[in-house]
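Start from the sequences, fold in the hints, and give me the full structure.
If you read the sequences in order, they're chains A and B.
At position 12 of the first sequence (counting the first as 1) the number is 19 in the working numbering, and the numbers step up by one without a gap.
At position 92 of the second sequence (counting the first as 1) the number is 99 in the working numbering, and the numbers step up by one without a gap.
Calculated from the structure, these hints are not laboratory results.
Be a bit skeptical, because a hint or two may be false.
Put simply, identical chains are the same to the list, so a pair is met inside one copy or across any two.
[What the hints assert, rightly or not] When the alpha-carbon atoms are kept at most 27 Å apart in a straight line, the in silico DSS-like pairs for lysine-lysine are as follows:
id	residue 1	residue 2
1	Lys49	Lys140
2	Lys49	Lys126
3	Lys22	Lys67
4	Lys148	Lys35
5	Lys67	Lys49
6	Lys130	Lys140
7	Lys126	Lys15
These figures come from a predicted structure and were not determined experimentally.
Below, each chain spelled out in residue letters.
There are 2 protein chains.
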Amino acid sequence: MNTEFMSKAFEIAQKSGSDIPVGAVIVKNNKILAQFHNEKEKRNDATAHAEILAIKEASKNLEEWRLCGCDMYVTLEPCPMCAWAILQSRIDNLYFGAYDNVYGAFSVLPELWTIANSKINVKGGIMESECKKLLDEYFEKMR
Amino acid sequence: MNTEFMSKAFEIAQKSGSDIPVGAVIVKNNKILAQFHNEKEKRNDATAHAEILAIKEASKNLEEWRLCGCDMYVTLEPCPMCAWAILQSRIDNLYFGAYDNVYGAFSVLPELWTIANSKINVKGGIMESECKKLLDEYFEKMR
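Below you can see the structure in the form of structure tokens.
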């Protein structure tokens, strides 16, 4: 785990504009392969979460859907869609910032991980207070 | 529910080439908005399931990520990634063909639907034997 990459994901999340501020970075051999923020509103696409966009871009760059040897850093705990995409793409390590106690696949859907029977390593709560504050400020402004 | 659209999804699934044969169609007001088969291998993208591709295309066509008033017909029970994408895109009705007792989000992850707190209507087992046969033949050939 390298906090420098979570800082990068945080920096990207800050550029989300009218979208919920979430940033994701995919790293292989200490090099960034893909970096995206959430673009659901911008692209008018319910699947355009930061994690999905980053997986697509990393696969494109590697010309390979198997992202073995890759790590993902994302500022918010992934939803079930993104969690399953991460598992299917065979990412080695997942590091996330803020927890999501409503839709977070780790917090509220532990069964998802049992089914997947994956060896992925997951660690949450990295730069948690900064990531949470960014989201809280967004939702406060939206009210 | 209109079996004509499931027949269309089945027809598309048959064109999946080296990918696992799954076809999806999104319909609004009796008109097809999007139709795709699974293209994971073809596109080298773990997220390129038929359902995700169809959601992206339908949203593009409607210039709207909210697919209210739309129905999806898909030949295989969606995985957790696709199931959450379907829920997030606010599709009204989901009709699927074959059940997936290993990764099917309805069969093995009922908790996913509780969390989503959605009003979606789901019906499986439509043209079940044809859809299952197509998948069985594919996996037999792959062995």
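### Query
Are the CA atoms of Lys49 and Lys140 at most 27 Å apart within a copy, between copies, both, or neither?
Result: close within a single copy only, 22 Å intra versus 41 Å inter.
### Query
For the identical chains here, do Lys148 and Lys35 meet the 27 Å Cα criterion within one copy, between copies, both, or neither?
neither (36 Å within a copy, 34 Å between copies)
### Task
Indicate which option fits the pair Lys22, Lys67 if close means a Cα-Cα distance not exceeding 27 Å: within, between, both or neither.
Result: close both inside a copy and across copies, 23 Å intra and 23 Å inter.
### Message
Within a copy, between copies, both or neither: which one fits Lys49 and Lys126 at a CA-CA cutoff of 27 Å?
### Response
between (34 Å within a copy, 26 Å between copies)
### Homo-oligomer pair classification [Lys15, Lys126; C-alpha up to 27 Å]
within (26 Å within a copy, 38 Å between copies)
### Task
Could you figure out if Lys67 and Lys49 sit no more than 27 Å apart (CA to CA) within one copy, between two copies, both or neither?
both (21 Å within a copy, 12 Å between copies)
### Query
Which holds for Lys130 with Lys140 at a C-alpha limit of 27 Å: within a copy, between copies, both or neither?
Within one copy only: 19 Å inside, 41 Å across.
Of the numbered hints stated above, the single one contradicted by the structure is hint 4.
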